[in-house]
Structures are given as C-alpha cells and as structure tokens.
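Engineer: Following the hints, complete the assembly by docking chains Z and B onto the known chain Y.
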Amino acid sequence: MTERAPQPTTAAANPPVQPLTSNLLPSDVVRISATANVPAPERQLEKVAKLIDVSKCIGCKACQSACIEWNDTHPDMEENVGVYENPHDLTPEMFTLMRFDEYVNPEGDLEWLIRKDGCMHCEDPGCLKACPAPGAIVQYSNGIVDFVSSNCIGCGYCVSGCPFDVPRIHKTAQVSKKCTLCSDRVAVGQGPACAKACPTQAITFGTKESQIALANERIEDLKSRGYDNAGLYDPQGVGGTHVMYVLHHADKPGLYSGLPEDPRISPVVEGWKGATKTIGLAAMGLAAAGAVLHGLFSKGNQVSAEEEHEAEELVVKTAATPPENREGL
Amino acid sequence: MNIDLSRRSFIRLSGAGVAATSLAAMGFQQAEAAEAAHVRDFKLATMTETRNICTYCSVACGIIMYSKGDLAAGEKADLIHIEGDADHPTNKGTLCPKGAALKDYVKAETRLTHPRLRKPGSDRFEQITWDEAFDKIARAVKDDRDANLIEKNADGLTVNRLTTTGYLAASATTNETAWATWKVVRSLGIVGFDNQARV
Amino acid sequence: MTNSWTDIKNTDLVVIMGGNAAEAHPCGFKWVTEAKHHRGAKLIVVDPRFNRSASVSDYYAPIRPGSDIAFLMGVIRWCIENDKVQWDYVRNYTNVGYLVREDFGWQDGMFTGYDEEKRSYDQTSWEYELGEDGYVINDETLEHPRCVWQLLKKHVDVYTPEFVENLCGTPKDRFLKICEMIGETSSPTKTMTSMYALGWTQHSKGSQNIRGMAMLQLLLGNIGVPGGGMNALRGHSNIQGLTDVGLMSNLIPGYLAMPRETEPDFATYMSTRGNKPLRPNQMSYWQNYGKFMVSFMKALWGDKATAENGWGYDWLPKLDIAQYDAMRMFNMMKNGEVNIYFCQGFNPILSFPNRGKMTEAFSKLKLLVVMDPLATETAAFWENHGIYNDVDSASIQTEVLELPTTCFAEDEGATVNSGRWLQWHWAGATPPGEAKTDVWIMSQIYHRIKALYEAEGGKAPEPIMNLSWDYADPEEPTAAELAMELNGRALTTLYDATDPTKVVLEAGKQVSGFGQLRDDGSTMGACWIYAGCFTEDGNMMARRDNSDPSGMGVFQQWSFAWPANRRVLYNRASCDPDGKPWDPSRVLIEWNGEKWVGPDIPDIAVTAKPREVGPFIMNPEGTSRFFSRKLMRDGPFPTHMEPFESPVANPLNPEMRGNPVARVFPDDLATMATSDEFPLVATSYRLTEHFHYWTKHNYVNAVNQPEFFVEISEELAAEKGIKKGGRVRVWSKRGQVWAKAVVTKRIRPLICDGKTVHVVGIPIHWGFKGAARKGFGPNTLGPFVGDANIETPEFKAFLVNIEPASEGLA
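Residue numbers (the working numbering), protein chains in the order written: chain Y, 1 to 329; chain Z, 1 to 199; chain B, 1 to 810.
Okay, chain Y solo, but in the shape it has when bound (with noise of 0.2 Å):
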C-alpha cells in the first residue's frame, strides 16, 4: 500500500518520484457540473489559491514553457504580428499565457504592465454552472475547477460562462479546455508548474490564506514605492477566486489586458441552466435510453454531419422562442 500524498503548501518542492496515493479524491466534489444534489465532502481541504504578483513578474514566459512541458501540450507555432504575445491568445494547447501592455502614466512614465492570463479557478466559477454536460466541470473543496475531459462534449458554453474569457475548445478534440490548476500535482502534494518555475517567484502557491498574507506584505512595499494603488486582485463577485494578482493599479485592473474591473456571471448564464434544461426535455424525442445516450456522448469527440444537421435544426427552432420565454416551455 502506498502512502497518502500531502496537501499541498508551496510550488517550491520537487516533486516526489515513490508511487503515492492521491489526495485529491472524488469525493473532495464539491460542486459538478449539470448535477444536483453532490453529497457534501466528508473534509473540507484547505482552500489554496496562486498569487500572481504582476509588479515581480518580468514576462519571461516561464510559466508558458512549464504549462506546456507539464502538460504535454502542443501549441501552434504561430507568427510575430508585432506584440511580444506568443502565442497570440489562449488556445486549447496553451492554459496560460503573458500579455504585454504599455502603459504611459499620468506622470508622463512608461510602465510595462505584463499580466500572465489564464484560469481563475474562481469560487462561483461561470464555467461550471453554464456547462450542461454532467461531470464536466468538477470544483474540489480546495477551490480547484477541473474539466474532465471525458465528460465534455465541448458545446462552448462554458467559454460563454466565463467572466474572465479562459477556456477554449480544442476544434479536433471536441473538448473544452484550460488550466487545471496542475491538479495531477496537486493530488500528491506539489504546487502547479508555472509556480514552481516561476523565476522571480512573481507566481506563489499555497493556501489561500498564506497568499493573501504574502499578497499584503507586498501591497505595503508597493505602497512604499510610491503605487498608492497596489492592492489585491480577488473579485468577489465571483465568490472570489483561487487564483489572485497583485496590481500596482488594483484601482484600474482593466490596464492589465482588459482584466475585467468586476467579473460576474451573467444573469443570462445563470439561466442558462434551465433553458438548455428545457431544451434538452423538448429533444429527448431524439434519444433513446440514458444509458444508450451516455454511451453515445461520453465516446463522442467527432461530430457526423447528420449530428450537425439536427444541432442546428434545433437551434432554428430553439432560436425562434426569446430567451426570456423558454424558462417557461
């Protein structure tokens, strides 16, 4: 028998190499998508966050090789359009990604403001509660949101559901996808890889409570520096998220790439539930038996072109009722 992997505490720790227990359960759950009814954990895990301390990051892309590397991912190789970004945005094969923006100051001083972007793993996450598809999206009771991929049917509406624009859908695959918070690492008691690369350790893991503390200790040097701003990046009109930034400007987070001033779900999204609830009802003439169907979706990455036809039939259809009416049907 092996021995129980630690909770996590810090990315600075190399990762062990002995086979160890996850711990990291299924029954860590705490929310899952298009699921009532998860049973309440018998643990709570201690909440943990990323901090991203954007006034130490220096935009080497250190946290874009270590994504890549860990994940064993394939990004395109793409083109120089003129920016430093590379690639040019999120992709189904890039979780993570810095974004450079150049910002001259009041005082007439030019400041590189260098944001790396990806998931927020946010409290409320958007993702989830817009996603149809049953265990396609998970939140442990860490703060971790996990896609499963298997569970996906990349329908997008996750991406829609998303305040802050991460997850992609990966054309070929059929899936959506974005950064997992190294959950795989975080399950044997490691902290993500863009942390544990992290060069000037702009990008910090741990508990959530010991980031805010680090996150603090910082806002007061900043302030010391003359950025009367600085504070904490950890909207709460999302619950709050597991992954924060420190901001010179956390008055004006939307110079840092359009860092939204204050992200919520939107109350479409929130409805979504029950209009695709309802939708789903009216095609249920299309489908057999649940077991047959889940079959048939937990295989399907590929879309047939007779699948595709009757997507969009029903959306002709669907389409027709206004969205504030179908909650009604």
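Since the hints were derived computationally from the structure, they do not count as laboratory data. Some clues are possibly wrong.
[Said to hold, decoys possible] Listed below are the simulated BS3-like cross-link pairs for lysine-lysine, each with C-alpha atoms no more than 30 Å apart in a straight line: (1) B:Lys118 to Z:Lys152; (2) B:Lys366 to Z:Lys119; (3) Z:Lys136 to B:Lys459; (4) B:Lys364 to Z:Lys119; (5) Z:Lys119 to B:Lys450; (6) B:Lys774 to Z:Lys107; (7) B:Lys364 to B:Lys450; (8) Z:Lys152 to B:Lys291; (9) B:Lys364 to Z:Lys152; (10) B:Lys366 to Z:Lys152; (11) Y:Lys223 to B:Lys745; (12) Y:Lys223 to B:Lys172; (13) Z:Lys136 to B:Lys366; (14) Z:Lys43 to Y:Lys47; (15) B:Lys42 to Y:Lys223; (16) B:Lys118 to B:Lys154; (17) Y:Lys252 to B:Lys745; (18) Y:Lys223 to B:Lys177; (19) Y:Lys171 to Z:Lys107; (20) Y:Lys252 to B:Lys177; (21) Z:Lys136 to B:Lys364; (22) B:Lys609 to B:Lys291.
[What the hints assert, rightly or not] Here are a few chain B residues that sit away from chain Z, every Cβ distance over 10 Å (derived from the structure): (23) Arg119; (24) Arg279; (25) Gly598; (26) Cys752.
[Said to hold, decoys possible] Chain Z side only, calculated, beta carbon under 7 Å to chain B, not exhaustive: (27) Arg118; (28) Asp146; (29) Asn175; (30) Ala180; (31) Gln196; (32) Arg198.
These numbers were taken from a predicted model, which means no experiment stands behind them. Where a beta carbon is used, it is the ideal one built from N, C-alpha and C, also for glycine.
Structural biologist: Chains Z and B alone, transformed into the frame defined by chain Y:
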C-alpha cells in the same frame, strides 16, 4: 452576454441537455460524476531522478532530470521530464522559459545522430562511420601540420606554431572536456584557439 | 562575478547597465527581486530600450548605445563634486595617493604615446613614479598634482551633466536622479551591485565600459563587500570554465600566459613574471606564478617535463602576436591562410559579425569539422536557403564533417557559473543514435594523429608524443580522472619547507589547495585556481549541502568556488582598515585579534594583520586601481570613444573614429558606414524566450517566440510608414535582413548633439535551422571590429537603415 447559438457545437449543447436531464432522471448521476472527478495520473511516479545543471546561461540552475530507465544501472534512459531542483541555492527550483523546456532541447528533432560528410561542391550531407570521419581528420591535420607548422622563427628560435588549422571550443562542455581539448589542441601547436566568451 | 548570484540579496541598490538580467538571466534576477522584497533595495536600469529589467525597476533612464563611458565618468564626477565618496575605503584600499610619471598626460581624448600608424600607444608614461626603495611614491594628502586622485578629478571634469545629456541622450533630470541614488551607497553601510553583460563588452571599447563602473564602485567602497561588486552575468553555462581552463589563443589554464616568441626559454618567460611588491609588506600573489606554471607543465607533459628541458617549454607553441582570436582567424581564413577549422559546440556563422565575410571565409577552408549536438548553420553554411542563406553550393569546395555529440543530459562533469562555482552534474539520458562525448572524440583524434606520426614520422612530433595521457581507458578518460588532474597532486612526498621531517602530502595524493603546489616538479596541477576542487576528501564540486548558517548567501558547503572555495573576491575589503566589518549586520569575514574568521574564506592570509597587508593581494601594490597603469591598450583611465559607426562625432576629438587602438583589418574599414548613408543606430540583444541559436531547435521555445523581428519606436515607424507587425528590410553597409516590425513605446528617439537619434533593436536568435521560423541575426549587419583589449565584436552599436518591405518572401 452573447450566446452564439448557431455555432457548430450546438449539438453538444442539446445533447448535454438531454444527458443532464436523462441521466438525472435515471438516478445514477452521482456515481457517474464521482467517477468522472478524477485527476491525471502523476506522470513522474517510478521515474529515475538525476541531478544536473542547466546547460544554457551561467546562472547554472540546478535541475532534476526524470527518465524512464536508470542510466547509472546500465539501462537505457529515456528522458521524460526536467524540472528545477528546489534544493539548489541559486534557483531554488525555478527555471526560466528556456530551462523549463530543456527536455525538448535534449529531444529536439534536429539533434545529430550520425557522423556525416559533405563533399566539395555537393548540396547534401551523406552518412559515414566514425572510423571514416576520424581517418579523414587525422590525415588532414597531419598533412597540414607537416606542411605548415612553423618549427623555428626567423631568429632560429623554437616556436612550434601552427596557424593553418584552428579550433573554436564549446561553451557548454565541462571543465574536464575543456582540459582534454586543451591538451590535444596545443600538442598540435594550434594557436588559433578560442571560445565563446566574446559572443 | 566578484560576488555570487545568491549574494545579490544583500544589496541596497542594483544598477543594471550594459546588461538585461531579467531578460537573459531570469533565475539569477530572482536575487534582485529578493533584495527588493526583503531589503527594500532599489533597482536602476539604464538601457537604450525600456526592457524586461526596466519593467520591474524603480528608476529607468535611456542611453544612446555606445555612450556608457561618458555616463559613468559623469557619475564619478558628480560623486566627487558632491563628496559621495567612501573615503576610508578610497584612501586605504586604492591607488589614489600614488604618483604618476611626469610625462603622462592626455589631450583631445588621447593619452600620451599614440602612434597613429601602429594604431597603438607607447605606454611608457602610463606608470607610477617609483621611489629609490623601488616602491611607488604615495601622497597621503592627495594634493600632489600628479597623484592619481588629482589626475582622476581632472580626467572626469569634462563629463558634466550637460555633456552627458548631450552625448548620451539621457535627460539631465534622470541622470541627476540616478547620480543621487548611486551616491547614497558611498555610506559604509550601503552597497550597490553592478550587473552587466554583453551590453558593455560588445563595443570597441568594451573593457573600458567595465572599468568605468569598477572605478565608480571603488569610489563608493563597494568592491569586496556583500551585496556589492562587479558582477559579469556571463552568457553560457561554462564560458567561465572554458576561460578558466585557458581555451583561448593566449591563455594557459588558470590565467597564465602562453609564451611569446620573444621569450625563447623558460627562464626568460619567468623573468618578467616576478611581480615584486610595489608597496611594503604586500602579498603580490602572482609571485607564486612559477609554482603554478611548473605544476601545469608537469600535468601537460608528465615525466617528460624536467628542470633540464625547462619543463618542456619548447613544446608549447609560441605566439608571434598578441593573440590569434577568432576574428583574426576568420580574417586569415578569408585570405586563404587557414586550411582546417574545428567548431566544437559553436555556431560562428551566426555568432560573428559580417556574415557575408564569414561565409566567404568558410568557403575557403579545405576541411571544416563541426562537433555539435544540433544541426547548426555553420555545418550547413554551404546549403542554399533562399534569402536566408543565399549561397551557390556547387561553388563551395569546403569538405564538411558533422560529428554528433552528447549534450549535458548525457554526460558528466563540472561547469562553472558566473559566481565561480564549479558544479558537478551527472548523466541521466541515453545519447541519441551514435552521438558521442567530446572527450571520446578528442581522444580518438589525438590517438589517430599520434599513430600517423608513429608510422610515418613527420614534423616536430615531440609535443604529440610527449603529451601526458595517463588514463585507465586512454580511448575515453573519465570526467573524474580529468578533474583530478585539474586539481593537482603530489608527484613525490612533500615536506614542510621549515621542518623537513614534517610530511605535508604523500606522493600520489591530491593537493588540498594551490598553496601546496611547487615549482620544483614535485607537484602537478593543470589549473591552479581549481586546486581544492577534487581532494583526498573527494569531489568537492559534487557537494550538495545547501545550508547557509550565516544567512549571507555564502553556501560554503555547496559545490566548490574558485579560488579556495572563496565566494566573494576581495572580501578583505568588506572590513575597515582595522578589520571590523563596514556593516556589522552583513559580515563575510572579520579580524578577531589573531586571525580572519567568518562565513566566507578570507581573501588574504588568515594571519595577515590589518593595516599591514592590503586587500587586493593579486596586485603588487596591494591596492586597487583607479589608474590602471599599462594593463589596457586604450588608456589608464576610460575616456569616451564613439562606436566605429556613430551618428555623432566624438566631442573630445571630432577626428577620432571609434577606438583609436582597436584592430581594424584593411578590407573592413571600407565596409564601415557614416551616418549620412545610414542614420539609424542598431543594437543587438537576447530575448528571454531564447538562448542564442540553440532554443530555436526547441519547439516549445519556438512557440513562445517564433519569428525574427526588430523593434523600433512609434516615431520612427510613423516616419518610415512602418506598421506594427509589418515586414521591414533592415540593411547596413554589409548586408540586409528582413524582419517583422515590433513598434513600441519602449524605444524612444534620443536627442544627441542636437540631432534626433533613432534606435533599431535587433534580437539575435534566428537562422535557417531548427524548429522556429527561418530568419536572420544581427551578424548579417554588424561591423567586423572588436574591443581593443579583448576583441569582443562591436554588436551593440552600429549603423543601419530601415524601410517597409513587401510581404512576400524574395
């Protein structure tokens, strides 16, 4: 919020609705969901660890190489992953964008695997054996040295200097390689000897 | 580095000028962020571009490429004028009081003794005035008009803030703010660290840039102290080691000199290397030169080296000129004077300036041998790749051998970091295909050539036959065997010099340090500065105890640092003349009344009494130098010199072009432009996403930064009609490249001498091999001229032009 219902993936939406409701209706949603809530298997379990130093800049970060197979035990070792060594005083486990991707340097498609020769005027390399390569080098160097070594200068003093063969040394080889190289190069009388300190 | 990466956490002020540590050394830069976070340290960046280091700086100032000396002399002038001088340090530890010869002087930006025809100075007058006792005369009042202090004040007087602004394009208010921040570190309890790299070395006066900052650091008392120093970041993982082990035209391992043909025998060679002290009681450590040299010769020739044959002196090649550096060899190659060339893990076709000339030179070789883990452009210089390598393969007669070597993951041994740590690494991967270690390849080459001499005879076979090659498997010596030779061992039992009955070291045992090396042939040691790295206690370089009880980032038990496991060079200067640390909260060593103790190894004899022996033990004076005597070819003080290609004339002497003593080969002068034809200043640099020309072979790094680009200001883009992301052509008098345009606020036009000067930034990482998109490097454009002292090419400041280009590839 713009919901683009015309997207190709709409089938997934409708299907999802079906699945959600029908699965729930059939009462096995929790079991399914629980099974689904898994994380990827930890890929380094049972790998062999080897301590090394990053080959790029001279910050010289400590790294751990994870391989399938133990080279020290005489096995074939296939490199699977490289990560910063958290015990190292300088980098404390961190790595830059180059270091964090070191594995793909070691396994680059453009790694050389066999000695090759490009003949005069040719537009391609051809594969040769190590023996053929060394015979060619030894012959050429010996002939050049015999023809061009300056044994004595105009004043009759021994100078043993060879300027017609030159050597540029590597920047990422070890001190030990450097010493072996120094010995061989200087024994031939080569003075056109340099390294990458200037570039 | 005088200090180490981990020591940077002890600093109060980081000045990054002539480098871009965040970009090129991110994990080392961590210690800057550490100092900022935990010590409240400030970071200043001075650079032509607002770069990645600047993005996290406290203060940034722009500077025109190639004008650093003026900036630094201006800071020195300001510090002197405002009395920001660490006087106790300067008076006691530097040569400020020493008198200089009466015939020394300078005018029009030139020092005494210039010979225009030879492009060289007669340095006779660049020397101290010695007293009858043979010691240099010291004026403690610092008032003598010929003392170094007075000469220095006079020398820097021209570099006023206005002069700096006009020449460097640095706004005066920014320059003055930086002077103030730097001046604060003249306090004995405040230190500044200088982090620099190729941004200072790759100029025709690169060495003088560095001297400029070293002098400023002396003025502030920041050399030898924790969190201080001159810290060369260094580029490659073992370029420090390769230089330590003397893989340069003019070097023998341990910074000993290759003999010149003017030194016909060993006695003559040694006669100029006595290094007699220039002040009473000084250690003048190079007095031990003979011990290191003889031990080296014993390592090289083994038993064949004897006192009678001058330790095999005749078998060493003798230089007829200062050095056959790489650029000289390429020039000879172009002239048809080189037949065979080896490139080991080196890609000169992309690394050295004037690619057209490089390709022409390589095309004249009979045989090129490339040893590399990767397919390099150098090995394929004869392949046609359209605009990226437009050659006619059929007309190139060079035979090319491409030999696959292992890389770091597949071999074992030590590399030396910037802080002089020799760190051992182990192999953990099977080499691909038939790739072999460089040691195996060198052994094969050696044995086969030797066999030919044995079979056929030939010219001067002695050096080949007599080379010591005493390894268990001569076909492939192990890393440990070679490392043990670098350390050195006793060949016969060594006895104490004062007590002949006392055994110091038994025959065959590894020496524990260079203090045990001898000049009578009883010891061997290939690289004296490495002595102590592999002793009877084992491989010190493989040590992995990361404890740091002092908390000073010393890490005494981690690997081994040369010399003598010392982590901060000149650390005697971290204490006042009485041996008390300048800053009691940051202690490296201190005098306890009997000896020097502390977390670091003292850089002085442990029982050398304070006030008797100066801290700079390698200098015969025991002090450090504002006036560098004859050590540099271009002057005992740094003086402003323009780049060879410059947008403005040198205000000190408008007739002077570049560095007046830099070597320029005859054909190359004709390829250098003036600003009438080429008005834009180009500067080359590295990007954090890539390492030289290696990581373009790595798909992941290619994803992060896939394509060659140049960076220009919004103003220049508007002037030339260049769009962000558009394609441009950049050309110099030597060649042309096509690139994508990154249009940025991070480069701003500068005003110099009343003219608007635009800077074009050109990163280095692309070629025609590997995973990334095909591209070019700045070496297509750069001039074929190097630093006057050490021949680093002038890649940081040259002239180009730019225009929009059509999108289709030619």
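Engineer: Now tell me if each hint is right for this structure.
Structural biologist: Checked hints:
no. : hint                 : in the structure
1   : B:Lys118 to Z:Lys152 : holds (26 Å)
2   : B:Lys366 to Z:Lys119 : holds (10 Å)
3   : Z:Lys136 to B:Lys459 : holds (19 Å)
4   : B:Lys364 to Z:Lys119 : holds (14 Å)
5   : Z:Lys119 to B:Lys450 : holds (26 Å)
6   : B:Lys774 to Z:Lys107 : holds (20 Å)
7   : B:Lys364 to B:Lys450 : holds (27 Å)
8   : Z:Lys152 to B:Lys291 : holds (28 Å)
9   : B:Lys364 to Z:Lys152 : holds (27 Å)
10  : B:Lys366 to Z:Lys152 : holds (25 Å)
11  : Y:Lys223 to B:Lys745 : holds (26 Å)
12  : Y:Lys223 to B:Lys172 : holds (27 Å)
13  : Z:Lys136 to B:Lys366 : holds (12 Å)
14  : Z:Lys43 to Y:Lys47   : holds (24 Å)
15  : B:Lys42 to Y:Lys223  : holds (14 Å)
16  : B:Lys118 to B:Lys154 : holds (28 Å)
17  : Y:Lys252 to B:Lys745 : holds (20 Å)
18  : Y:Lys223 to B:Lys177 : holds (20 Å)
19  : Y:Lys171 to Z:Lys107 : holds (28 Å)
20  : Y:Lys252 to B:Lys177 : holds (28 Å)
21  : Z:Lys136 to B:Lys364 : holds (18 Å)
22  : B:Lys609 to B:Lys291 : holds (25 Å)
23  : Arg119               : holds (20 Å)
24  : Arg279               : holds (32 Å)
25  : Gly598               : holds (18 Å)
26  : Cys752               : holds (28 Å)
27  : Arg118               : holds (4 Å)
28  : Asp146               : holds (5 Å)
29  : Asn175               : holds (4 Å)
30  : Ala180               : holds (5 Å)
31  : Gln196               : holds (6 Å)
32  : Arg198               : holds (4 Å)
The earlier numbered hints are all upheld by this structure, with none contradicted.
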